[in-house]
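Peer 1: Protein chains in written order, with this note's numbering: chain A, 1 to 336; chain B, 1001 to 1336.
Rather than coming from a laboratory, the hints here were simulated on the basis of the structure. Just to be clear, a hint being listed does not mean it is correct.
[Stated by the list, open to error] Here are the simulated DSS-like pairs of lysine-lysine, each with C-alpha atoms no more than 25 Å apart in a straight line:
| no. | chain 1 | residue 1 | chain 2 | residue 2 |
| --- | --- | --- | --- | --- |
| 1 | B | K1177 | B | K1200 |
| 2 | A | K88 | B | K1200 |
| 3 | A | K200 | A | K316 |
| 4 | B | K1316 | A | K16 |
| 5 | B | K1177 | B | K1316 |
| 6 | A | K88 | A | K309 |
[As the list claims (entries may be wrong)] Stretch-level coverage of chain B by chain A, calculated; a stretch enters the list once three of its residues show a Cβ under 8 Å from a Cβ in chain A:
| no. | stretch |
| --- | --- |
| 7 | 1080 to 1093 |
| 8 | 1229 to 1243 |
| 9 | 1252 to 1258 |
[As the list claims (entries may be wrong)] Pair ranges (Cβ atoms, derived):
| no. | chain 1 | residue 1 | chain 2 | residue 2 | range |
| --- | --- | --- | --- | --- | --- |
| 10 | A | E332 | B | R1189 | 25 to 31 Å |
| 11 | B | D1265 | A | K177 | 33 to 39 Å |
| 12 | A | A233 | B | R1189 | 47 to 53 Å |
| 13 | A | L186 | B | E1332 | 21 to 27 Å |
| 14 | B | P1150 | A | Q328 | 42 to 48 Å |
| 15 | A | Q328 | B | G1151 | 42 to 48 Å |
| 16 | B | D1314 | A | E204 | 53 to 59 Å |
| 17 | B | R1327 | A | K177 | 27 to 33 Å |
| 18 | B | A1203 | A | L331 | 43 to 49 Å |
| 19 | A | A138 | B | R1327 | 49 to 55 Å |
| 20 | A | L186 | B | G1151 | 47 to 53 Å |
| 21 | B | A1203 | A | N159 | 56 to 62 Å |
| 22 | A | Q328 | B | K1200 | 34 to 40 Å |
| 23 | A | F15 | B | D1307 | 52 to 58 Å |
Glycine residues also receive a C-beta, built at the ideal position from the N, C-alpha and C atoms.
There are 2 protein chains.
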Amino acid sequence: MATIKDVAKAAGVSFKTVSRVVNGEKRVGPEARERVNQAIRELGYKPSLAARQLAGQRSYLIGLVLLGSGISYISRMMIAMGSACRDKGYNLITATLDYHQHMASDIVSINFSARPDCVILTPPFCNDQRILEHFERANIAVVRVAAVTPGYGLTVPVNEEPCALELMRHLIGLGHKRIGMIAPPLPLRASEARLVAYRKAVAEAGLEEDPALVIRGDFSFAAGVSATTSLLALPQRPTAIFASGDEMAAGVLAEAARLGYRVPDDLAVAGFDDSPIARMVFPPITTVHQPVRDIARAAVEAAINPDFKPQPFDYKLIIRGSTDGSRQHCLEPYPF
Amino acid sequence: MATIKDVAKAAGVSFKTVSRVVNGEKRVGPEARERVNQAIRELGYKPSLAARQLAGQRSYLIGLVLLGSGISYISRMMIAMGSACRDKGYNLITATLDYHQHMASDIVSINFSARPDCVILTPPFCNDQRILEHFERANIAVVRVAAVTPGYGLTVPVNEEPCALELMRHLIGLGHKRIGMIAPPLPLRASEARLVAYRKAVAEAGLEEDPALVIRGDFSFAAGVSATTSLLALPQRPTAIFASGDEMAAGVLAEAARLGYRVPDDLAVAGFDDSPIARMVFPPITTVHQPVRDIARAAVEAAINPDFKPQPFDYKLIIRGSTDGSRQHCLEPYPF
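This is chain A alone, in the form it adopts within the complex (with noise of 0.2 Å):
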């Protein structure tokens, strides 16, 4: 990659004016300006931001200060990171990417700008094997989450498959013979525990093994709305539903309501995630609990020491009226 010195080699200047052009300061002719304009072009240079600040009376960073309410996976793990940053002294820079941008070419550069120490990859980032090639070649230490396939980076090992056997074997403890899936999308194979739980216990039960029963969603709210209309409408319609993500069971249970199925009598309906959504609804969701501060924890531990080896994490089965019937809110403090 070309360096501020290659370009102020090729255009026969110092250092220093190539920092002025690209501070936009004034102080250079505009002979000089062009030459090195052209030389950045032709070298494809991108200043960094470090030498942007060094050069510069900016520092090209802009803080945002923002009250931790928000009720997604994206805003726990966001607040449970930088909690866990400024106890190390560090400061946290976040690239939030909507899952479209996802493949789009900005994607690996945002933080590389900023020349964190280390870069922290979840799910789907920490499985892209171009991003982790990129942040490779920038010689960028990178820890990725509950990553399943190989490649550059500390992996911080989640194991979500016993838990979600448990929550398959509540189901079945209750009666239910023919429970339908939402699954992980198939690009999200940090999830894919939760649909080998599922096969698992059918299994194990002896209950037969439906291919119509599995439906795989992108764990939004209207991906569960629409297996529910789906599953809703097999000659045999299960009488319960595992939803592979909280925000598709509360497209179950939204669903469910709209055609009148009382839940859970009619249809029992099961999460993953603990997110806030899972006690924002009625009845609220019977759910996996994603020990999000602990892995962020680790996470921040593990891009600061690369010696540090993370210990299991502690996933809870959390039993809500939505498959037990009981008909109270939860309104305890979210624990994280």
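Model the placement of chain B on the given structure of chain A, informed by the hints.
Peer 2: The following block gives chain B in isolation, referenced to the frame of chain A:
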């Protein structure tokens, strides 16, 4: 505030020696190290991020890449601010604070250690004089989103009242004569316009102004639940409830479901924000769309360019099944 030079002078060592001690390097004798550490304690010196970066091998920045599928106001704000910063060649450092950390003493030092050019403060932080004064002393520019009190920094003003008034007129137009109001918590004065609009609409329609119909809530689901329990227990219960936030409106819906009220036939429900939660329940909740993306862009623009004058933002009333009784989900892609 003590600088590294003050420490060097007090300890009788060079700037470089202080920097080595601060960065944990080994090439400093025990006696000099002790003198430096004593000077650091006595002067209350806190090494800045820039000083640590210049002296050491580390950036003290950690990048985090996250999938922006979050459903809360904070996720939306974070994604929108990040995207606006990226467009301008800036990096965003975030400090997400729990409501209960609000008054904690470390609140103001977080972004400061990374020396951002500007800090964007959202409610309730933007109205906190202690925080504003801290940044003023530190000579860091401040942009205040939705600020309602005077003070240091540029303000990005919002005007929620006209659309809140429109929402109230919609409820009154449906024939509701007793409308419950779950008002914002008193410390969050940024949202007080929602209550002002409620009172104006009740007065202009000539409805009875019953103080028992107004209950304050802290924007949480739990506050929505408990206010609803109280409102529905009134001798003359309301037939509609306007909650000043969507999570509280979800609490109204859940409590109505638990008590067996049909929405909207027995009780109409409206929220505020157009958070994704308003679409993830059934029936979906009538609400006011906050133009989060436009607000974020204006805040970033103001952070970079002090002469920027933001245009008024476009709030929009979104009518859904929780008031008009239409029985369909809201499945369009989220507009921000």
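Peer 1: Taking each numbered hint in turn, which are not upheld by the structure, reported in ascending numerical order?
Peer 2: Hints 2, 4, 8, 18 and 23 not satisfied by this model.
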